[in-house]
Each structure stands twice: as C-alpha cells, then as structure tokens.
Amino acid sequence: MAVETRPDVGLPQGVGRLTIRWKAFLLVALAVLGFGLFAYGYEQANGMSVTSLRSTGTMGGATWGLYIVMVEYFIGVSLAGVAIAAVSRVFRIIELRPIARIAELLTVASLMVGLIAVIIDLGQPIRGIKNMLLYARPQSAFFGTFTLVAGGVFLTALAYLFLGGRRDAAKLAEIPSRLQWFHRLWASGYTDSAEERDRHRRVMFWLSVGIVPLIVIALSTEGLVFGVQVGRPGWFGSLQGPDFLVLAAASGLANLLILSAIIRRALGDWNRIDAEVFKWLGRFLLVAASAALYFMIVELFTLLYATPSNERLLADALLKGTYAWIFWLSIGLMTLGLALLISQAAASKWRIGTLVVASVAISTAAVAERYLTVIPSQTHANLLPYEPGSYFPNWVEFSVVAGLFAFGALLIGLFMKAFPIIPMTDALILQDDGVEATNA
Amino acid sequence: MRRTITIGLVSSGLALMVIGFLTAAPWGTDSVDNSNPVITGAPMLFILGIISVIAAAVLYEVLPDRHR
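Note that the protein sequences, when read in sequence, are chains A and B.
Under my numbering, the first residue of the first sequence carries the number 75, and numbering increases by one thereafter.
Under my numbering, the first residue of the second sequence carries the number 1189, and numbering increases by one thereafter.
No lab work stands behind these hints, which were simulated from the structure alone.
Treat each hint with caution, since some may be false.
[What the hints assert, rightly or not] Some chain A residues judged to face chain B by a derived CB distance under 8 Å, without partners named: (1) 203; (2) 208; (3) 213; (4) 217; (5) 225; (6) 230; (7) 233; (8) 237; (9) 261; (10) 262; (11) 280; (12) 281; (13) 282; (14) 283; (15) 361; (16) 417.
[Claimed, not checked] Residues of chain A placed beyond 10 Å of chain B at every Cβ, according to the derived structure: (17) 200; (18) 434; (19) 487.
For every residue, glycine included, the Cβ atom is placed at its ideal position computed from N, Cα and C.
Just chain B, with the same shape it has in the complex:
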C-alpha cells in the first residue's frame, strides 16, 4: 500500500510537471496577442507536480505500518 501510494504520487507528480511545463508554453502561436499558455493555469499544474513528488516522500515515511 505504502509503495503503491508513493509510486502513484511520484508518477502523477512527474506527469503533472511535464504536462504543466509543456502546456505553459504558447506552442503554435505566432504573435504577442496569443502568447498565453496553451492551458491557462498550466504553471499551477507544474507546481502541483512538485508538491505531489515531495508529498510522496513524506507519506512514504509517515504512513503507519500495517501491523499496528
């Protein structure tokens, strides 16, 4: 359980960081008028990804053992 949650959080965190990074860039736009990120709020996704990865480390250690 501990391992599943940790791997899940790390994977989803890394995925969020990649998605956030890529969608924060104004791909395919060619003028200043269209310079917003592809997804508004994409930088937030990147930060959520970082939080998710660090939370994984904390949860890995803090989650109680099953036999308790």
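If we strip away everything but chain A, and leave its shape as in the complex, we get:
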C-alpha cells in the first residue's frame, strides 16, 4: 500500500492520495448512487406509474414533479458558479480567485446532474433527445433552455475549467506520479511562456464577457418555460424570468459557500481559502437572498389580489392548504438565512460557521421555492373544471434524486483526487521550499 501511494507524495492538495476518509466518502456516495440507479431501473422497467407523477386534471396529479424541481434547482446552482468565476475575472476581484475553480467545477457538476434529471423525467429519453435535436422550435422557451444551457453554458464552463487549469497541469506534469499522463494531457503543451500567458488572459476575459449575458438569457428562458404558459395560473407572468435569475443566484452562491467551506476543511494545511473569500460570498449572498425574498413576497401579493377563482384557489393552497407547510418553511428558511447574513454584516464579522448555516437555510428554501413554482400550479390551478389534485414524491423519486446528489458529489470528490481544486501556484512554491504535504 505504501509503495503504491509513494509516487504521489509530491502532488499538492492531497491529489492522488486516497485517505480513509475519502474512501469512506466514496463508499457512501457509490452506495447512494447505486440505490438511485436501482430506483431508476425499477422506474424504467415498470413505467413512470411507479412514481407519484400523474396527468394533470383528469388524474388529479402533476406531470412535472420532483425531477423537474431538481432540474430548475441544479441549473440555477450551476449558473451562479460560473457567473462568480466570470465576475471575479472581469472585475478583477482577486479575493475570489482561490474559489474560481471550485465555482467552475460546481457549474460543470450541477449542469451534468441537472441535465440528467431532465433525461430521467422523460419516459422515453432517447426519443426525447432525438426529437429535440430534429424538431425543436425557436418559438419555444425549451429551445433556448436546451441550446443555451446544455450547449452554451456547459461547454463554456468546461472550456473555463480546462483552460484555467492548463498552467497548473503543466506544473504537475513535471512531478512523477501515477497521474502524470493525465496532467500532461490536460497541459496540452503549455509551457508558461509570456505569449501563452497573454493569450490565456485574453481568452479568459472574452469567455467571461461572453458568459454573463449567456447566463442571463439562459436563466430567463428557464423561467419563461413557466412564464409563457397562458393556461396555467401561477406560472403565467412576466416575473418568472427575473425570479429564476435571482433565486438561482441565491441558491448558487449558497452552494458555492457551503462547498468552499467543506473544501477548506478537507484541505487542512493546503487550504488557501481565507476568510476574505467568505466575506465576499456572504455579501453577494446577502444581496441575492434579499432580492429572492422580495420576489417571493411580490409574487404572493399579486396572487392574493387575483380575482379569478383559480388564482385564488392556488393562493389558498399555498397559504393555508396542502402546500402551506412547504410555503411557510421556504419563507421561514429564507428569512432565517437573511437574518443571519444581516447580523453578520451589521457586526462586520463574517463567521464561516454562521455563513454555512445561512447558506444551508437559503439553499433549502430555494428547493422549496422551486417545488412551489413547479407543483401547485399543476394540481390546484386548472382552468378546466377539475377538482384540485395532489402530488408528493414517493421513494422512487426521492431515491433517484438522492442518486443525483451522490453523482454530483462523486464528480467533485473524484476531481479533487485528480487535480488541485484551488489554483496552486502558491502551493507549489511552498512545496518547492520543502514544505511537506502532510494532509489528506
């Protein structure tokens, strides 16, 4: 065992070293993923009737359930990740540089998971993908969502991650290890010459400039998928686009903050994420969460003044009916997160533990808010004279979603064992100075 791990001793940030803690994480993540795959296999073998999904109206259910809720959530999270990476480059926020790669990785992992969730929601995934590529129409908001999110943002995030890591890869490729071939491949001939650095700066700047409007358009079309549905009270409205954008920013920042805190702890002595990073993230999160809460209240206020019966039915279901506990939970958690952030801002003390608690509250509130966006309008807002329906996910859907989370965690965990999660120029300087890496 010692002989096997010996060649990787020189790699920084625990890259290539499989510790007991990491193996335990791997085991748990694989077990959850395995159970998720089993649940999906069960769903595929027996049809989607094994889930709680049912037709709206005639069957009194919801055709878009937990899977679509998670699509909206994961895509939101992903876009905030790359937005932070881009903003830190365009506006030269040096304090955020240490987490730029974490943000890019969060984008790639969340987008992969979000796009898989879309595919899982399709009873016939192959047919769905084929038909989208052949027959999708630009008048549909789905066109923008799939082409811009799946095509544009995902590929740009991958390009970001790849190009941003070449310099580190070139340095790692000089260190003998079992991963040397991988680092050489990633470096793809990078020599760190002045011309290459200059080119890199140019490319990253233009990618950053390009991705910000792409994100705004992509998330707005995501909101428009709901916002342009005239026949669905609660969905139809001009606020869906901006609401999706704002909640995505809040949930994405919250997740980035949580992930950064976990990585900071996991890296131990190799940690380069200082308190300043969390201060910046806390401030951004404060603005985004305030805006998200504002949108939640404005939408509810509008709904309360609605005269048509269906909107009123929906408002009642949210405030005091079937979905009241989720609604008040989301409002409560968002308010709690915001209160914690405001208290820290007022005291000018940004404690990482408190920030993580606030982020967990805001992220959970975002899932609940997405749930309330997707589900109640299907069960309680039919324009045709159907009785109100009901939907709550069953074990199959919960297991599949847990599997998706495990898959995302695995992607990030595996990446951390193959490549430094924090841009490592400083780390290598330490190593060159003879500081031995002792942490996992």
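Following the hints, complete the assembly by docking chain B onto the known chain A.
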C-alpha cells in the same frame, strides 16, 4: 494561422447559429400538420454553432506557437 482558424470558427459558428435558428422555425406554414422546422435537424445546427464558437476560444489558446 491561429487567428485565421479562430476567426473562421467564430464566423462559421455564428453563421450556423443564425441559419439553425431561422430554419428551425416553421416559416410559411399555417397549420399544425406542417409545424416541423424548415430543415429537419436545424436545432442541431444551432448547437453546432455554439460548439464551434467555444471551440474557437479553446483552439486559439491551445494551438502551439509556430516557432516551437
């Protein structure tokens, strides 16, 4: 060479996106029966356009210098 390839890829990518977008719409049709895109697979052209533009950025940086 680097500049030519990059400009070529960006231009062709943008052209593909415009062509894909325009031909994915069922122009000139007036019924649901004829609601398919003018060119079947036009959405794929749009996505290929996006890939081409992003590939241009990657190639611009990755292509080796001539003097090497």
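Here is what the structure says about each hint:
About 11 Å separates the beta-carbon of residue 203 of chain A from the nearest beta-carbon of chain B, more than 8 Å, and the hint is not met. Checking residue 208 of chain A against chain B: minimum C-beta separation of about 5 Å stays under 8 Å; hint holds. For residue 213 of chain A, the suggested interface contact is upheld, since its CB lies about 7 Å from the closest CB of chain B, less than 8 Å. At a threshold of 8 Å, the smallest CB-CB gap from residue 217 of chain A to chain B is about 7 Å, leaving the interface hint in force.
Given the 8 Å rule on beta carbons, the hint for residue 225 of chain A holds: about 4 Å separates it from the nearest Cβ of chain B. A hinted interface residue such as residue 230 of chain A counts as satisfied when its beta carbon comes closer than 8 Å to some beta carbon of chain B; here the least separation is about 6 Å, so the hint holds. Because the beta carbon of residue 233 of chain A sits about 5 Å from the nearest beta carbon in chain B, less than 8 Å, this interface hint is met. Of the supplied interface hints, the one on residue 237 of chain A holds, with its beta-carbon coming within about 6 Å of a beta-carbon of chain B, less than 8 Å.
A hinted interface residue such as residue 261 of chain A counts as satisfied when its beta carbon comes closer than 8 Å to some beta carbon of chain B; here the least separation is about 10 Å, so the hint is violated. With a least beta-carbon distance of about 5 Å to chain B, the hint placing residue 262 of chain A at the interface is held under the 8 Å criterion. The beta carbon of residue 280 of chain A is positioned within 8 Å of a beta carbon in chain B (closest approach about 7 Å), and the interface hint is therefore held. A least Cβ separation of about 6 Å between residue 281 of chain A and chain B falls short of the 8 Å threshold, and the interface hint therefore holds.
Restraint check, residue 282 of chain A versus chain B: the minimum CB separation of about 11 Å is more than 8 Å; hint violated. Taken as an interface hint, residue 283 of chain A does not check out: its beta carbon lies about 11 Å from the nearest beta carbon of chain B, beyond 8 Å. Restraint check, residue 361 of chain A versus chain B: the minimum CB separation of about 30 Å is more than 8 Å; hint violated. At its closest, the beta carbon of residue 417 of chain A sits 42 Å from a beta carbon of chain B; the interface hint therefore is violated under the 8 Å criterion.
No beta-carbon of chain B is positioned within 10 Å of the beta-carbon of residue 200 of chain A; the least distance is around 15 Å. Distance check for residue 434 of chain A against chain B: the nearest CB is about 34 Å away, which clears 10 Å, and the non-interface claim stands. Distance check for residue 487 of chain A against chain B: the nearest CB is about 26 Å away, which clears 10 Å, and the non-interface claim stands.
Hints 1, 9, 13, 14, 15 and 16 from the list above are not met by this structure, while the remaining hints are.
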